[in-house]
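Given the coordinates of chain Y, work out where chain U should sit on it, guided by the hints.
Residue strings, one per chain:
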Amino acid sequence: MGSPCELITEAGSRDRARDLARLVADEVWRIEDKFSRYRDDNIVHRINTAAGRGVEVDEETAGLLDFAVTLYELSDRKFDITSGVLRAVWRFDGSDRVPEPEAVRGILDKVGWDKVSWQRPVLTMPAGMEIDLGGIGKEYAADRAINLLRAAGAPPSLVNLGGDLAVSGPPSNRRAWKVAIEGDLEGSHDRLIELRQGALTTSGDARRYLLRKGVRYGHILDPTTGWPVPDAPRSVTVAADTCTQAGMISTMAMLRGQGAEQFLAEEGIQSWCRR
Amino acid sequence: MTISKERSVTATLAAATCTLLGTVPAPVDAQEEPKWDFNTSVLYYGEDGDRVQDASLKALIRRMFVDDRYLTLGITVDTLTGATPSGAIRQDGAQTFTRPSGNGSYVVPAGEHPLDDTFHDTRVALSANWTQPTGRAGLFDVGTSFSKEYDYTHLGVNARYAHDFNKRNTTLSAGISFSQDSVDPVGGSPRPLSEMLDVGDISNRSGSEDKDIIDVVVGITQVINPKLIVQANYSLSQSDGYLNNPYKVLSVVDPITGDTLARTPGIEGGPSGIFLFENRPDTRTQHSIYTQAKYYMGGKVLDVSYRYMTDDWEIDSHTVDLRYRWPLGSEKYLEPHLRFYTQSEAEFYRLSLPDPNDPNGAPLPAYASSDYRLGNFDAITAGLKYGWTTKNGNEMSVRLEWYRQTGTIPADQIIGNQANRDNYPDLNAVIAQFSYRFDL
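Protein chains in written order, with my numbering: chain Y, -12 to 262; chain U, 144 to 583.
Bound-form chain U, shown alone:
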């Protein structure tokens, strides 16, 4: 066979291959798998009774490189509006509060739970992580995170290493993260356990405050058999610094009636009762154990997890989470979700406080907060997710969930008339999410 110089190597080879195989092949159709993976979602979280509403846009963008290395970039934008409990208790009459800014006041009608409606914010969070294999069985991940909202700034770094053993059936991992946050409250941070003052009086306020958090986590993942994979983690979280919520107060009450002590507002207006800003310890150590099992049953996957958390604020919590992925054909699935949560209250959780100026009254505790999130409560989440694969291989899903939280105040904290009022109103929320995952 003579080779004409004008013909390309490829064309000559194609002709020779046809002769060799005796067939004309179909043309090749191959492409490198997309290098960019976008995981985007829009989420709405809404609490009932004009409480918090959060609209959130999120994108997780992954850029793949050769040798299993990848960069993951995250961006989240949240818009929060609505009202949140101020920490004060209900009264039979209307109550007036100074706004956190100190620039005005608001009135809570008689018998209603005091909510601070000045709560609205936009949060932007960014993260970047680099992941790469190290050696044959190792995987190293290092990253940084940043978030900013009006009164809060977070800066964090994290690193994690995972190592496979036992023919990749066992993975041990260890991670550490460090974050430095600063709070710059609207109107300044109030002196702990100081009184809510008249409009325009910021004599008990100072500037921004900081806190540091170190998290350490060690974990093991074990493939038990082709159908069952289990995981267990232990994590330790140590927070130091300003851990108060600068906007939360407690009502100071009469030791017999349990009603809020009245106060005469100044000319500019001010609180109608005595309210003290909360104070929490400046350290918190949390331990948590997390276990998870995923079981594959002929196409369906059951995912069960349990978390136990305990801390030196004496909050103990238990979370059980159940998910069941139920395929409908090869391109669609339904996933019911149930989550149960229960926690005990912090040792310094108080519904209300005694009068610090009463010489015969009980002494003021060193730490006190009536933040409902530090109280004794149970919560249940029930939801359903429906996911499908589009014609071009992208994934979409919609998720709808209901959240219900019911709290109880320890009986020994309820004084006089407080027994006739709902001091821990139920919280109901709805969560709706649409996710779209695509490649480029």
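Only chain Y is shown next, with the shape it has when bound in the complex:
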């Protein structure tokens, strides 16, 4: 998953803890192997290299694609799993290398879910376009892991996949799981959240940006323009029933830019924004 992952569980013995960790790790790796865009042996690779031909997908992939369609519509076309190709021109490495407008325009015709034909179970996409399920996969994996732990009758547990985390229930001998949200400084705490049930995710990374002529370009890209969303919060932390919901809401809030807080307030979401 490209980030530290952990399972914290109240298993009474080392063996039980190892079994549960194995259960979670296997599922997380399965999802990563299946949906990573960095591999050449999975369904995402087949879709991205189909060169305009239709690809028939399995049930699980179809479920994720349906979900992506919902997000696309809910976000007014801003949450788009075909936007990954914009990374070819945008590299948020703290430098001042903002791409030329022509370069961005040149790549925009390879972006847009409206150019894709999705007739379950067949996906047909113009050549040169790519899908990337990275914006959903981690949250989905965390929720799947929690469901597996519940099904296995595991004691209270917390699954943390690189900051996207979910719990199977409240800890048995304390008030809540205490989750610290990292501040701007590595190791500092922006705030502490007590989580008893549900999930918590944070979108935004204060260390990923470009800076040119005093203008800060955050790393959240608007696929309808090809440019970073202006005035997005530095980070949005959301609490929701599932990690998937929390992650999607925090991303959608980021995509609203200046309107992030208003969106979260109108939706009645428990959230913490940082500007």
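Simulated from the structure, these hints should not be mistaken for laboratory data.
Any given hint might turn out to be false.
[Stated by the list, open to error] Simulated pairs of lysine-lysine, DSS-like, Cα-Cα distance not exceeding 25 Å:
1. Lys370/U with Lys475/U
2. Lys370/U with Lys443/U
3. Lys354/U with Lys291/U
4. Lys201/U with Lys528/U
5. Lys178/U with Lys534/U
6. Lys165/Y with Lys178/U
7. Lys97/Y with Lys21/Y
8. Lys21/Y with Lys102/Y
9. Lys443/U with Lys165/Y
10. Lys165/Y with Lys370/U
11. Lys475/U with Lys534/U
12. Lys528/U with Lys443/U
13. Lys475/U with Lys165/Y
14. Lys534/U with Lys165/Y
15. Lys370/U with Lys310/U
16. Lys443/U with Lys475/U
17. Lys165/Y with Lys310/U
18. Lys310/U with Lys437/U
[Claimed, not checked] Listed next, with one range per pair, are the computed distances between beta-carbon atoms:
19. Thr211/Y with His306/U: 46 to 54 Å
20. Trp531/U with Ala49/Y: 53 to 61 Å
21. Trp273/U with Gly140/Y: 46 to 54 Å
[As the list claims (entries may be wrong)] Here's a subset of chain U near chain Y, in silico, CB distances under 8 Å, partners left out:
22. Ala159
23. Glu175
24. Ser473
The beta-carbon is built from N, C-alpha and C at its ideal position, and this holds for glycine as well.
Relative to chain Y, chain U alone:
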């Protein structure tokens, strides 16, 4: 899937997530950790034999802000009553003293240790500190303190910086504080080494006095291994100004018998003997080294510390403090506490003084005090604390401690009949405290 505009984003997303995961999740239960932390306590300190009683209410209130920044506010209210040794020695007959105010007198029965029972006061102390990280490994703290009692005002500022090194296993810190205190004694501050006068005579009194104190401390904290953490501090304290206790006197005695020289009180009444107000140097430099180790042993924590203090008044002291935190299940603990303290007397500590008007007598020293706290004494504190966590996660504790102090007067200071009297009575005190810590 078509999205009806009436449905909120959240509801649509929740339905889509249920479809994706194939399960209906339990509703989220999350809250931001409380931003206000209240640490409150009520404490009773009582010395035996009608000596000092102190009832104290204390609250430490912390307000957390984002990025590990916080404001800490402190408030303490103390009420002191009881009697405290005046510094005069016992006599076989009754003794009369003028009150510190100069407005009256009191009598100490024959053979009893002279205590001044006019001692009562209310003290209010306030403090505010702001703490915030600086950079990745630094922590900066700046604060101010103020306290006021009837005859004493304190105003202080302090700053401290701590820096983590070595993957946060080592912390170096440095701090400085400055305080400006003023004493405005009841009845005015007496001229040092002047006589206690008759009731109504305040010719040896003047107004308020000041002192400045600068404290500097540097320290290191080191994590040795996951079970052991050690700490060492060096601190320097420099006091300048009026360091006397304006209410303390010394008995002037006969060089052979050691009895207090008699004096004839005036019509308004006054002291029955000759007593001189004490005088201390107007500077004091203290150095102290503090070391501490905390050792974690399967849930139990042993906390051992040692402090060595030395100053240019020639007081050397050693303190050993032991605490053992013993968990009883996950929500309760017992903590026995033992503290041993010993100090040598100040170079100007005197049980009594020679007659300054005797041409053949010993000369009066430049500085003299018989304050028992500047004497040679040992003290032991033994106590037990019981703490528990309430159902809603708040912490409560009760602490009960006994304190015993035993002093000795240097043999070469004891003259004549003084040898038959207890010149440094033992002090026994009890400390009871109830603490309650809660969040809002």
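Next item on the list: Take the C-alpha atoms of Lys370/U and Lys310/U, compute the straight-line distance between them, and say whether it is at most 25 Å.
Entry: Cα-Cα ~17 Å, so holds.
Next item on the list: Would you check the hint for Lys165/Y and Lys178/U, treating anything up to 25 Å between C-alpha atoms as holding?
Entry: holds (14 Å)
Margin query: Hint check: Lys310/U vs Lys437/U, CA-CA at most 25 Å. Holds or violated?
Written below: This hinted pair holds, its Cα atoms lying about 20 Å apart.
Item checked: Lys178/U paired with Lys534/U [C-alpha distance capped at 25 Å] -> holds (19 Å)
Notebook entry, point to check: Under the criterion that the straight-line Cα-Cα distance not exceed 25 Å, is the pair Lys443/U, Lys475/U satisfied?
Noted result: Holds - the C-alpha atoms of Lys475/U and Lys443/U are around 12 Å apart, at most 25 Å.
Item checked: Supplied contact hint for Ser473/U, tested at 8 Å Cβ to chain Y -> Hint on Ser473/U: holds, closest Cβ of chain Y at ~5 Å, below 8 Å.
Item checked: Pairwise beta carbon distance, Thr211/Y to His306/U, judged against the given window 46 to 54 Å -> holds (47 Å)
Next item on the list: Please work out if Lys165/Y and Lys370/U have their alpha carbons no farther apart than 25 Å.
Entry: holds (23 Å)
Margin query: Given the hinted pair Lys97/Y and Lys21/Y, is their Cα-Cα distance within 25 Å?
Written below: Satisfied, since the Cα-Cα distance of roughly 23 Å is no more than 25 Å.
Check: Keeping to a limit of 25 Å between CA atoms, is the pair of Lys21/Y and Lys102/Y held or broken?
Finding: holds (24 Å)
Margin query: Hint check: Lys201/U vs Lys528/U, CA-CA at most 25 Å. Holds or violated?
Written below: holds (18 Å)
Notebook entry, point to check: Between Lys475/U and Lys534/U, does the CA-CA distance stay at or below 25 Å?
Noted result: Given that 25 Å is the threshold and the Cα spacing comes to 12 Å, the pair holds.
In this structure, none of the earlier numbered hints is contradicted; all agree with it.
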